[in-house]
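Peer 1: Sequence:
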Amino acid sequence: MDADEKKLYSNFEYDSALNVMGGVKQPEQVNNSYVERMRALKKKEYTVDEMVAEILHGDRTMLSRAITLVESSLHAHQKKAQEVIERCIPYSGKSVRLGLTGVPGAGKSTTIETLGKMLTGTGHKVAVLAIDPSSERSKGSILGDKTRMEELSVDPNAFIRPSPSAGSLGGVARKTREIIVLCEAAGFDVVIVETVGVGQSEVAAHSMVDFFQLLQLANTGDELQGIKRGIMEMADAIAINKCDIDRTKSELAATQFRNALHLFPMPDSGYEVKVQLISAYSHEGIEEMWKNVMEYVVYAKQTGYFYQKRQQQNLRILNESIESALKDRFYNAPGMEERIAEMSKAILENKISAYAAAEQLLD
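No gaps in the numbering here: position 173 of the sequence shown is 181 in the numbering used here, and each next residue is one more.
Incorrect hints may appear among the rest.
[Said to hold, decoys possible] Within a straight-line C-alpha distance of at most 20 angstroms, the following computed DMTMM-like cross-link-like pairs (lysine to aspartate or glutamate) qualify:
no. : residue 1 : residue 2
1   : Lys353    : Asp371
2   : Lys52     : Glu62
3   : Lys102    : Glu62
[To be verified] Ranges between beta-carbon positions, derived for each pair:
no. : residue 1 : residue 2 : range
4   : Thr69     : Glu346    : 21 to 27 angstroms
5   : Pro112    : Asp371    : 40 to 46 angstroms
6   : Phe272    : Glu53     : 50 to 56 angstroms
Note that these hints are calculated values from the structure, not bench results.
In this text the structure is predicted, and so the values were computed from the model without any measurement.
Ideal placement from N, C-alpha and C gives every residue a C-beta, glycine not left out.
Turn these sequences into a full structure, and let the hints guide you.
Peer 2: Okay, here's the thing in structure tokens:
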């Protein structure tokens with residue numbers, strides 16, 4: 009360093025060749041003010057009038073609160089939930105209710121996300137209700153559908169809500185119908201009900217939707233295998249998903265399903281069940297699938313079947329509600345818990361048969 013450079017830097021002190029800047033003060037990991045505000049909101053008890061007003065205004069937080077009340081088993085919550093539902097019924101019924109099912113791995117969640125993003129992109133508001141059967145061992149449910157629908161879950165015009173069956177598909181079916189009413193009142197004009205694709209959940213979903221879409225994969229069996237599946241009789245349309253993987257096999261599967269459908273009687277709606285090829289991953293055929301849904305809705309409304317089916321569903325709700333109420337009153341009757349324990353002990357000691365014990369308890 010020459011004399012001029014020394015003079016230039018004479019005002020600086022150097023203890024080291026490395027200098028570390030103090031940096032910007034980092035914010036706290038947890039926003040305490042937000043936490044306190046959310047705690048206050050959770051503690052606040054909203055009236056039925058407040059909840060209904062916010063739901064009709066499209067408030068998603070209040071919609072979630074109302075759904076939590078519907079799913080609660082507490083009598084006080086159930087009573088309040090019914091009041092909210094009754095107030096919302098006049099504003100419901102204007103959506104297209106689409107049921108979607110298929111075997112695990114058929115691509116249901118990916119299809120719903122692709123379809124949902126397409127619909128929200130054209131001005132629709134989409135609600136996705138997923139029936140997630142609970143484990144018989146742990147009694148818990150994964151409720152992880154949002155993780156599969158990363159884009160749709162953050163879409164402002166979409167609402168995703170998984171519901172555990174809690175061991176009773178009849179119960180979850182009734183609650184899902186009530187949730188549909190709340191979603192429609194909140195302004196969602198397309199409601200998609202997704203099932204896991206195993207067991208009786210399809211029957212429950214079929215009883216609450218306008219259109220039932222079945223997803224299938226190639227290499228799942230021949231025509232005979234298709235005939236054996238009772239789910240085929242409930243489907244209003246069949247889509248062979250993941251056709252981009254092997255188009256030849258997908259087209260063969262579509263032909264086999266069409267041949268199998270010829271052996272079934274014509275559906276009550278009178279609308280021909282179509283078999284389409286789609287790929288939720290590449291978005292192929294999704295628009296055509298939705299077009300088929302809307303063609304069915306227009307056709308069913310013109311023939312009157314659309315409204316007739318919804319009336320039949322309402323009557324089914326009546327019967328299921330009666331059965332549910334009778335079951336609850338039976339188990340909650342005074343002294344019933346002790347009587348069941350006595351009968352259970354007698355059955356284990358081979359003093360009485362299970363059938364006779366049931367008759368005595370019912371009497």
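Peer 1: Does the alpha-carbon distance linking lysine 52 and glutamate 62 stay inside the 20 angstroms limit?
Peer 2: Holds, because 15 angstroms separates the two Cα atoms, which is no more than 20 angstroms.
Peer 1: Using the C-beta atoms of threonine 69 and glutamate 346, is the stated range 21 to 27 angstroms upheld?
Peer 2: About 43 angstroms separates the Cβ atoms of threonine 69 and glutamate 346, which means 21 to 27 angstroms is violated.
Peer 1: Does the Cβ distance between proline 112 and aspartate 371 fall inside 40 to 46 angstroms?
Peer 2: Hint holds: Cβ distance 44 angstroms, inside 40 to 46 angstroms.
Peer 1: Given the hinted pair lysine 102 and glutamate 62, is their alpha-carbon gap at most 20 angstroms?
Peer 2: Holds. Lysine 102 to glutamate 62 sits at ~19 angstroms (cutoff 20 angstroms).
Peer 1: Hint check: lysine 353 vs aspartate 371, CA-CA at most 20 angstroms. Holds or violated?
Peer 2: Within the cut-off at roughly 19 angstroms; holds.
Peer 1: Is 50 to 56 angstroms right for how far apart the beta carbons of phenylalanine 272 and glutamate 53 are?
Peer 2: 52 angstroms, holds
When held up to the earlier numbered hints, the structure conflicts with hint 4 and nothing else.
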